[in-house]
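Novice: For the protein sequence lines, the chains are A and B, in the order given. For the first sequence, my numbering assigns the number 6 to the initial residue and increments by one for each residue that follows. For the second sequence, my numbering assigns the number 10 to the initial residue and increments by one for each residue that follows.
If you are wondering where the hints come from, they were derived from the structure by calculation, not from laboratory data. No residue lacks a Cβ here, since even glycine has one placed at the ideal position from N, Cα and C. You may find that some hints are simply not true.
[As the list claims (entries may be wrong)] Each pair of labels, with its calculated beta carbon distance range:
1. B:T29 <-> A:V32: 14 to 24 Å
2. B:S21 <-> A:D79: 43 to 53 Å
3. A:A107 <-> B:G37: 19 to 29 Å
[Said to hold, decoys possible] Here are some of the chain B residues that sit facing chain A, going by a computed Cβ distance under 8 Å:
4. G37
5. Y41
6. Y58
7. A59
8. S61
9. F71
10. G77
11. Q79
12. F107
So you can see what is in the structure, the chains are spelled out below.
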Amino acid sequence: QVQLQESGPGLVKPSQTLSLTCTVSGVSMSSGGDYWTWIRQHPGKGLEWIGSSYYTGSTFYSPSLKSRVSISVDTSQNQFSLKLSSVIAADTAVYYCARGRAAAGNFDYWGQGTLVTVSS
Amino acid sequence: DIQMTQSPSSLSASLGDRVTITCRASQGINTYLNWYQQRPGKAPQLLIYAASSLQSGVPSRFSGSGSGTQFTLTINSLQPEDFVTYFCQQSYSTPYTFGQGTKLEIK
Numbered sequence: 006q007v008q009l010q011e012s013g014p015g016l017v018k019p020s021q022t023l024s025l026t027c028t029v030s031g032v033s034m035s036s037g038g039d040y041w042t043w044i045r046q047h048p049g050k051g052l053e054w055i056g057s058s059y060y061t062g063s064t065f066y067s068p069s070l071k072s073r074v075s076i077s078v079d080t081s082q083n084q085f086s087l088k089l090s091s092v093i094a095a096d097t098a099v100y101y102c103a104r105g106r107a108a109a110g111n112f113d114y115w116g117q118g119t120l121v122t123v124s125s
Numbered sequence: 010d011i012q013m014t015q016s017p018s019s020l021s022a023s024l025g026d027r028v029t030i031t032c033r034a035s036q037g038i039n040t041y042l043n044w045y046q047q048r049p050g051k052a053p054q055l056l057i058y059a060a061s062s063l064q065s066g067v068p069s070r071f072s073g074s075g076s077g078t079q080f081t082l083t084i085n086s087l088q089p090e091d092f093v094t095y096f097c098q099q100s101y102s103t104p105y106t107f108g109q110g111t112k113l114e115i116k
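Based on the sequences and whatever the hints tell you, model everything.
Specialist: In structure tokens form, the structure reads like this:
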């Protein structure tokens, strides 16, 4: 059974860097065919794709966040990470990690989500 | 970016009803359209992928159709657990984008 679990601070100060890690179990991230993804949801709002990475390290990001975001993969730990720099209050959201299927582009397994609040 | 517009934003229905939710893309996306269900406080769950393929483990009362710019999610014989929020998502091109959601409420 594929499982994903987010971890990281729930509170980040403005202008600092938000850092989250997603631990994947039940599947090897380097098995191919998947891309490892971060998605966020502002309180009471819709879903926003942040970016994705293949296990090779090839990444693609949302243009609206590209200048501030970095996603990296550690296949030895079966984890991938998100870094979002220079955060502001508008970055307050629930952050989800998810597995994307390369063929259809859907997200079939998700973490439970973690709320990150940007506040001083 | 491809804009995804769902309608309606909210929908009232009764147990046992059949409902249809529509998703329109701002440009053609072939059948690169996925549907998710989200319960309050939980992560979205994949229902339908590639416009009409039922994800493993999803009840057969859920079905999807469409191609190009117009898509529908149909739920037959509504059950109590179906009264939650639904999102569409295009996977035709990055940035992947979602519809704003449809909240299904019990009448």
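Novice: All hints are to be evaluated individually against the structure, with a verdict given for each.
Specialist: For each hint, the structure was consulted:
Between B:T29 and A:V32 the beta carbons are some 35 Å apart, a value that contradicts the proposed interval 14 to 24 Å. Distance hint for B:S21 and A:D79: a CB-CB separation of about 47 Å, consistent with the stated range 43 to 53 Å. Distance hint for A:A107 and B:G37: a CB-CB separation of about 21 Å, consistent with the stated range 19 to 29 Å. Contact between B:G37 and chain A, as hinted, is not supported at the beta carbon level, the nearest pair being about 15 Å apart and thus beyond 8 Å.
Annotation: interface hint on B:Y41 holds; nearest CB of chain A at approximately 6 Å, less than 8 Å. The beta carbon of B:Y58 is positioned within 8 Å of a beta carbon in chain A (closest approach about 4 Å), and the interface hint is therefore held. For B:A59, the suggested interface contact is upheld, since its CB lies about 5 Å from the closest CB of chain A, less than 8 Å. For B:S61, the interface hint is violated, the least distance from its beta-carbon to any beta-carbon of chain A being 11 Å, above 8 Å.
The interface hint given for B:F71 is violated, since its Cβ lies 14 Å from the closest Cβ of chain A, which is over the 8 Å cut-off. Annotation: B:G77 was flagged as interfacial toward chain A, and the flag is violated, the nearest CB pair being 16 Å apart, outside 8 Å. Hint status for B:Q79 relative to chain A: violated, with the closest Cβ pair at about 19 Å, above 8 Å. A least Cβ separation of about 4 Å between B:F107 and chain A falls short of the 8 Å threshold, and the interface hint therefore holds.
The structure shown violates the earlier hints numbered 1, 4, 8, 9, 10, 11.
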